[in-house]
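Peer 1: The lines below spell out each chain.
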Amino acid sequence: MARITASVYTSHVPAIGAAIDMQKTGEDYWKPVFKGYEFSKQWLKDQKPDVIFLVFNDHATAFSLDLIPTFAIGTAAEYQPADEGWGPRPVPKVVGHPRLAAHIAQSVIQDDFDLTIVNKMDVDHGLTVPLSLMCGEPQAWPCPVIPFAVNVVQYPVPSGRRCYMLGQAIGRAIRSYDEDLNVQIWGTGGMSHQLQGPRAGLINREWDNAFLDQIINDPDGLSQKPHIDYVREAGSEGIELVMWLIARGAMSDVAGGPKPKVAHRFYHVPASNTAVGHLILENA
Amino acid sequence: MPLDKPYKDVPGTTIFDADMSRQGYHLNQFCMSLMKPENRARFKADERAYLDEWPMTEEQKQAVLDRDLNRCIALGGNIYFLAKIGATDGKSFQQMAGSMTGMTEEEYRNMMVGGGRPIEGNRYVGEKK
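These protein sequence lines map, in sequence, to chains Y and P. Residue numbers are given in this note's numbering: position 58 of the first sequence equals residue 58, and the series is strictly consecutive. Residue numbers are given in this note's numbering: position 12 of the second sequence equals residue 12, and the series is strictly consecutive.
Please note: incorrect hints may appear among the correct ones.
In the DMTMM-like style, the derived pairs of lysine to aspartate or glutamate whose C-alpha atoms are separated by at most 20 Å in a straight line are [as the list claims (entries may be wrong)]:
{"hint": "1", "chain 1": "Y", "residue 1": "K35", "chain 2": "Y", "residue 2": "D50"}
{"hint": "2", "chain 1": "P", "residue 1": "K5", "chain 2": "Y", "residue 2": "D229"}
{"hint": "3", "chain 1": "P", "residue 1": "K91", "chain 2": "P", "residue 2": "E105"}
{"hint": "4", "chain 1": "P", "residue 1": "K8", "chain 2": "Y", "residue 2": "D229"}
{"hint": "5", "chain 1": "Y", "residue 1": "K120", "chain 2": "Y", "residue 2": "D66"}
{"hint": "6", "chain 1": "Y", "residue 1": "K48", "chain 2": "Y", "residue 2": "E282"}
{"hint": "7", "chain 1": "P", "residue 1": "K36", "chain 2": "Y", "residue 2": "D83"}
{"hint": "8", "chain 1": "Y", "residue 1": "K48", "chain 2": "Y", "residue 2": "D180"}
{"hint": "9", "chain 1": "P", "residue 1": "K91", "chain 2": "P", "residue 2": "D46"}
{"hint": "10", "chain 1": "P", "residue 1": "K36", "chain 2": "P", "residue 2": "E58"}
{"hint": "11", "chain 1": "P", "residue 1": "K36", "chain 2": "P", "residue 2": "D19"}
{"hint": "12", "chain 1": "Y", "residue 1": "K261", "chain 2": "Y", "residue 2": "E38"}
{"hint": "13", "chain 1": "P", "residue 1": "K36", "chain 2": "P", "residue 2": "D9"}
{"hint": "14", "chain 1": "P", "residue 1": "K91", "chain 2": "Y", "residue 2": "D21"}
{"hint": "15", "chain 1": "Y", "residue 1": "K31", "chain 2": "Y", "residue 2": "D46"}
{"hint": "16", "chain 1": "P", "residue 1": "K44", "chain 2": "P", "residue 2": "D89"}
{"hint": "17", "chain 1": "P", "residue 1": "K44", "chain 2": "Y", "residue 2": "D21"}
{"hint": "18", "chain 1": "P", "residue 1": "K8", "chain 2": "P", "residue 2": "E127"}
{"hint": "19", "chain 1": "P", "residue 1": "K36", "chain 2": "Y", "residue 2": "D66"}
{"hint": "20", "chain 1": "Y", "residue 1": "K261", "chain 2": "Y", "residue 2": "E282"}
{"hint": "21", "chain 1": "Y", "residue 1": "K41", "chain 2": "Y", "residue 2": "D21"}
{"hint": "22", "chain 1": "Y", "residue 1": "K225", "chain 2": "P", "residue 2": "D9"}
{"hint": "23", "chain 1": "Y", "residue 1": "K93", "chain 2": "Y", "residue 2": "D66"}
{"hint": "24", "chain 1": "P", "residue 1": "K36", "chain 2": "Y", "residue 2": "D122"}
{"hint": "25", "chain 1": "Y", "residue 1": "K225", "chain 2": "Y", "residue 2": "D213"}
{"hint": "26", "chain 1": "Y", "residue 1": "K225", "chain 2": "P", "residue 2": "D4"}
{"hint": "27", "chain 1": "P", "residue 1": "K8", "chain 2": "P", "residue 2": "E106"}
{"hint": "28", "chain 1": "Y", "residue 1": "K45", "chain 2": "Y", "residue 2": "E282"}
{"hint": "29", "chain 1": "Y", "residue 1": "K93", "chain 2": "Y", "residue 2": "E27"}
{"hint": "30", "chain 1": "P", "residue 1": "K91", "chain 2": "Y", "residue 2": "E137"}
These stretches of chain P come out as covered by chain Y in the derived footprint (C-beta under 8 Å, 3 or more residues) [as the list claims (entries may be wrong)]:
{"hint": "31", "stretch": "31-45"}
{"hint": "32", "stretch": "93-107"}
{"hint": "33", "stretch": "113-121"}
Since the hints were made in silico from the structure, they are not lab data. Just so we're clear, the structure is a prediction, and the values are computed from it rather than from any experiment. We put the CB at the ideal spot given by N, CA and C, even for glycine.
Produce the entire structure from the sequences given, and follow the hints as far as they go.
Peer 2: Written out as structure tokens, the structure reads:
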């Protein structure tokens, strides 16, 4: 049977991708950001996941205003890096896992969550930057990736509670897959940041760290946090953090198992306009 | 019953909800079109002519020509869509965000290096700074 071994949480700031692609990781500005992922790169090599289930948000790339799925699961064999306006990132194509993805779609939809099934899409920095942070610059990504896109761009966006419960359904789906696979679930985006208007540049360090504490120790309580708190306290784009609750909901303790182990925790300000948060939780 | 919009009292912030989306549909779809290199080239060659191909309001077109992102947002633009204009111009996301704050590029960059805009005084409209 497939098992979820760990969850990874990270920001997916586009400027981080640009810094990697333009060989700027050694600059003073960027050094502290990438130092926070040195442990993680080695950790990922040691863990050797068979599949990564990667929760991210599309940034007006695959989905325009013509079609806005709240939750979309990628069931394709592969995905190309998107051209977000400055040409596609020079990173490997993303290989999917159509069989497991289709299994998860069937299980989760029958578990009463309405997913949109995506057989063709390009993936933007929301998906490729976390891979770059965790893998460096390989010729090919280390394993297949199932992209899972969440609408946090146009309101109404899903609540933290909905995301947390969806994560539980995804956890059940993965654990019921009849093949021995080491699966990781990644929640990406955030932490506090605001990219628009006169309040742009907002950072709430205290709130971010309280969020990190609570997602480790009290995800159920955290999932009750209303949208307005994210917007007011963490900035208009801080709402991306609800995606972390999908990954957290899939962990074993939520289904009655033991508490996860905190393998790594990192926080830094700034990367471009944002705070960077990163967490690795391992199932016991 | 009107929709509850508790986010109306967050200072300097426009939430991209269904009303804004409806207002900004063509503006944002124009932005999406800049994801294709051939469209970027056509836009750069003659911005006005390219904008005139879209059923945007004159105000929206002028806001794009002026690169006035705050105005674009007030007229229904969304920052993730508007970012395609910045990408076409070769601007970083930090330059774009900074341009909306009334600060110089250097002031904004320094604020971020210094830990960002503080939350104190920035939670509610009218809160004392």
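Peer 1: Indicate, hint by hint, whether the structure satisfies it.
Peer 2: Here is what the structure says about each hint:
Only pairs whose Cα atoms come within 20 Å are accepted, and Y:K35 paired with Y:D50 is rejected, the gap being roughly 26 Å. Among the hinted pairs, P:K5 with Y:D229 is consistent with the structure: their alpha-carbon atoms are about 13 Å apart, no more than 20 Å. For the hint pairing P:K91 with P:E105, the CA-to-CA distance comes to about 11 Å; that is within 20 Å, so the pair holds. Of the pairs offered as hints, the one joining P:K8 and Y:D229 holds, with about 13 Å between alpha carbons and a cut-off of 20 Å not exceeded.
For the suggested pair Y:K120 and Y:D66, the alpha carbons sit about 16 Å apart, so the restraint of at most 20 Å is met. A hinted pair counts as satisfied when its Cα atoms are at most 20 Å apart, and Y:K48 with Y:E282 qualifies at roughly 13 Å. A hinted pair counts as satisfied when its Cα atoms are at most 20 Å apart, and P:K36 with Y:D83 qualifies at roughly 7 Å. In summary, the hint linking Y:K48 to Y:D180 is supported, as the alpha carbons are separated by about 13 Å, within the 20 Å threshold.
Distance check on the hinted pair: P:K91 and P:D46 sit about 19 Å apart at the alpha-carbon level, within 20 Å; holds. For a cut-off of 20 Å, the pair hint linking P:K36 to P:E58 is broken: about 24 Å separates their Cα positions. The suggested pairing of P:K36 with P:D19 is violated, with an alpha-carbon distance near 28 Å, which exceeds 20 Å. At roughly 19 Å between alpha-carbon atoms, Y:K261 and Y:E38 fall within 20 Å of each other, so this suggested pair holds.
Between P:K36 and P:D9, the direct Cα distance comes to roughly 37 Å. Violation of the 20 Å bound is thereby established for this hinted pair. Proximity of P:K91 to Y:D21 is assessed by CA-CA distance (about 16 Å); at most 20 Å being required, the pair is judged to hold. As the CA atoms of Y:K31 and Y:D46 are separated by approximately 23 Å, the hinted pair breaks the 20 Å bound. Simply put, P:K44 and P:D89 have alpha-carbon atoms about 9 Å apart, close enough for the 20 Å limit, and the pair holds.
The straight-line distance between the Cα atoms of P:K44 and Y:D21 is roughly 25 Å, outside the 20 Å bound, and the hint therefore fails. Restraint check: the Cα-Cα separation between P:K8 and P:E127 comes to about 14 Å, which is no more than 20 Å; the hinted pair holds. Between P:K36 and Y:D66 the CA atoms are separated by roughly 17 Å; this keeps the pair inside 20 Å, and the hint holds. Between the alpha carbons of Y:K261 and Y:E282 the distance comes to roughly 5 Å, so the proposed pair stays at or under 20 Å and holds.
With a C-alpha separation of about 17 Å, the suggested pairing of Y:K41 with Y:D21 holds against the 20 Å cut-off. About 18 Å separates the Cα atoms of Y:K225 and P:D9, which keeps this hinted pair within 20 Å; it holds. Annotation: proposed proximity of Y:K93 to Y:D66 is violated, straight-line Cα distance about 25 Å (limit 20 Å). Simply put, P:K36 and Y:D122 have alpha-carbon atoms about 13 Å apart, close enough for the 20 Å limit, and the pair holds.
For the suggested pair Y:K225 and Y:D213, the alpha carbons sit about 14 Å apart, so the restraint of at most 20 Å is met. Proposed proximity of Y:K225 and P:D4 is supported: the alpha carbons are some 17 Å apart, at most 20 Å. As the CA atoms of P:K8 and P:E106 are separated by approximately 30 Å, the hinted pair breaks the 20 Å bound. About 15 Å separates the Cα atoms of Y:K45 and Y:E282, which keeps this hinted pair within 20 Å; it holds.
Among the hinted pairs, Y:K93 with Y:E27 is inconsistent with the structure: their alpha-carbon atoms are about 27 Å apart, more than 20 Å. Only pairs whose Cα atoms come within 20 Å are accepted, and P:K91 paired with Y:E137 is rejected, the gap being roughly 24 Å. Only when three residues or more bring their CB closer than 8 Å to a CB of chain Y does the claim for the stretch 31-45 of chain P stand; here the count is 7, and the claim holds. Residues of the stretch 93-107 of chain P lying with their CB closer than 8 Å to a CB of chain Y number 8, which satisfies the three-residue condition for coverage.
Only when three residues or more bring their CB closer than 8 Å to a CB of chain Y does the claim for the stretch 113-121 of chain P stand; here the count is 6, and the claim holds.
Checked against the numbered hints given earlier, the structure breaks hints 1, 10, 11, 13, 15, 17, 23, 27, 29, 30 and satisfies all the rest.
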